[in-house]
Amino acid sequence: MKKFKAVIQGCIGILMLLLIWTVASKTGLFGKLDPDTAEMLFPDPLVVGKRFVEVLTSGYLLTNIWVSMKRVLVGFCIAVIIGLPIGIFMGRSQSFHNYINPIIRFVSPIPGVAWVPLAILWFGLGNNAAIFIIIMGSMSPIITNTYQGMQNVDSKLYQVLDIMEANWHQTIRYCVIPSILPYVMAGFKLGLGFAWRVVIAAEMVGVPRGMGYVLSVGRNTGDTAITLITIITLGIIMILMEVVLFGTLEKRMNKWKMWE
Amino acid sequence: MAIEIKEISKSFPQNEQEEDLSILNNISLHIEDREFVSLVGPSGCGKSTLLRILAGLLKPDSGQILVDGRAITRPESSRCMVFQDYVLFPWMTVSSNIALGLQVRKKDKEYVHKKVQWAIELVGLNGFEKAYPHQLSGGMKQRVSIARALVMNPEILLMDEPFGALDSFTRMKLQDELVRLCGKKEFTTVFITHDCDEAVYLSDRVVVFSGSPAEVKEILPVDLPRPRNRTSPEFIALRNQILKVSVSAAE
Ligand SMILES: Nc1ncnc2c1ncn2[C@@H]1O[C@H](COP(=O)(O)OP(=O)(O)OP(=O)(O)O)[C@@H](O)[C@H]1O
Ligand SMILES: [Mg+2]
Chain S
17 MKKFKAVIQG
27 CIGILMLLLI
37 WTVASKTGLF
47 GKLDPDTAEM
57 LFPDPLVVGK
67 RFVEVLTSGY
77 LLTNIWVSMK
87 RVLVGFCIAV
97 IIGLPIGIFM
107 GRSQSFHNYI
117 NPIIRFVSPI
127 PGVAWVPLAI
137 LWFGLGNNAA
147 IFIIIMGSMS
157 PIITNTYQGM
167 QNVDSKLYQV
177 LDIMEANWHQ
187 TIRYCVIPSI
197 LPYVMAGFKL
207 GLGFAWRVVI
217 AAEMVGVPRG
227 MGYVLSVGRN
237 TGDTAITLIT
247 IITLGIIMIL
257 MEVVLFGTLE
267 KRMNKWKMWE
Chain W
23 MAIEIKEISK
33 SFPQNEQEED
43 LSILNNISLH
53 IEDREFVSLV
63 GPSGCGKSTL
73 LRILAGLLKP
83 DSGQILVDGR
93 AITRPESSRC
103 MVFQDYVLFP
113 WMTVSSNIAL
123 GLQVRKKDKE
133 YVHKKVQWAI
143 ELVGLNGFEK
153 AYPHQLSGGM
163 KQRVSIARAL
173 VMNPEILLMD
183 EPFGALDSFT
193 RMKLQDELVR
203 LCGKKEFTTV
213 FITHDCDEAV
223 YLSDRVVVFS
233 GSPAEVKEIL
243 PVDLPRPRNR
253 TSPEFIALRN
263 QILKVSVSAA
273 E
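Chains S and W, in that order, give the protein sequences. The first sequence begins at 17 in this note's numbering and counts up one residue at a time. The second sequence begins at 23 in this note's numbering and counts up one residue at a time.
Read the hints as simulated data drawn from the structure, not as lab findings. As the structure is a computational prediction, the values presented were derived from the model and not from experiment.
Dumping the calculated BS3-like pairs for lysine-lysine here, alpha-carbon to alpha-carbon at most 25 Å:
#: 1; chain 1: W; residue 1: 152; chain 2: S; residue 2: 172
#: 2; chain 1: W; residue 1: 28; chain 2: W; residue 2: 239
#: 3; chain 1: S; residue 1: 267; chain 2: W; residue 2: 152
Given the sequences, and given the hints that come with them, work out the whole structure.
Here it is as structure tokens:
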């Protein structure tokens with residue numbers, strides 16, 4: 017019942033926003049703009065909605081979503097494949113940690129978009145540049161969070177497995193992976209967020225196709241509606257990703273009740 | 023298996039101090055095959071440290087431990103450990119926790135299943151096979167931990183204050199079960215406790231340690247028939263004696 021009420025209230029909030037938007041648009045930002053400019057810069061939700069159906073049916077939007085998404089998925093997967101073992105190994109070996117930690121401490125605060133020009137110089141204007149930037153942007157939160165999880169593994173569990181004479185991959189499988197899962201999830205969430213941010217930025221400054229590219233074309237042609245549509249679509253994608261990818265796993269982890 | 027502890031010494035580095043702190047100093051002790059020995063002594067004197075060395079989890083600075091004449095160099099699944107705080111895997115059910123050791127040892131499925139069933143029966147956890155540790159009481163968690171050790175057919179069972187965190191009623195119940203399990207004389211048991219009553223109730227011999235660094239202060243045999251009566255004069259006299267020795271050892 018409580019949940020139902022919360023959903024209703026959330027919907028009312030969104031409707032309010034749409035209402036304010038409509039009023040602001042119809043009145044030319046409350047009389048501050050002349051009607052022609054208002055129509056161009058600030059189209060009302062109905063116009064945007066119509067345009068949305070248009071670009072959706074023509075396939076323009078979906079193709080470009082798919083282009084960005086593929087870049088994000090490929091880049092992110094590579095970041096996981098590299099980052100996860102590094103984080104785990106840092107937790108198992110103090111000297112490996114000592115070697116690698118300064119590099120990570122140095123690289124991780126660098127904003128992911130700062131790599132864009134370099135990536136374009138190295139890889140040209142294409143997928144590879146985008147993927148490189150995504151890897152640079154999303155790897156450090158994955159490493160950092162995995163390492164943090166490793167430090168929180170109950171050392172007695174290792175002792176139990178040592179007594180059972182478990183080898184290293186049994187230890188990873190039965191103890192390390194389940195222990196660090198919540199931290200890894202947090203790292204993945206952050207990493208995926210960074211991945212989307214940098215891929216949009218890269219596509220806006222020159223990497224062809226993708227959602228950032230749609231945004232920049234929108235700007236160049238004065239097409240406000242398409243930029244609004246892209247922004248809203250991005251929001252929806254992020255929510256779906258959160259629910260589909262992380263929601264199910266988190267439910268499962270709650271069952272074990274170890275992370276309260 | 024008989025255990026021969028030979029002149030074990032261990033010290034630990036102290037924070038911001040040059041000298042390491044000596045915890046165990048030249049400990050020697052002989053434990054018979056299938057004997058039940060309790061270790062008592064002041065808190066922090068190094069009982070757990072000695073047990074970890076026995077398990078092979080920790081290396082002594084000097085001295086060695088022989089099990090049937092063979093020196094301990096590493097942990098082995100024939101020497102199982104039961105911890106005070108259970109140390110169960112929160113993401114595994116009761117039966118998976120109990121089966122883990124056998125799975126790690128790559129025993130075949132049917133054997134694992136049979137053995138786990140047997141252990142669950144033995145410690146009285148029927149009906150809780152599918153439960154997760156957070157759904158169990160402290161006593162039940164400790165039963166899981168004991169079952170996890172027993173499925174390995176240990177030759178030596180090491181227990182570090184296994185009942186220390188339990189209420190006295192549950193503790194007595196588990197003590198009785200332990201008496202029943204050890205009555206079959208299938209393994210040697212080294213049992214750490216703070217509770218003199220418990221030590222007398224369970225043990226063939228009680229070893230009293232003195233602290234800083236630990237030394238064997240006194241060894242008291244318990245020659246009472248089992249099941250023991252906690253209210254018999256002999257029991258009470260022995261318990262009081264151990265209490266007296268350990269109090270003087272703590273000073
Ligand atoms: N890894 C370690 N590093 C430094 N000091 C340690 C370490 N392990 C144990 N100690 C120290 O060794 C001493 C003995 O510890 P131990 O846990 O063996 O005592 P104990 O007899 O089991 O005490 P209790 O009865 O309270 O469990 C303590 O002073 C402890 O601080
Ligand atoms: Mg202890």
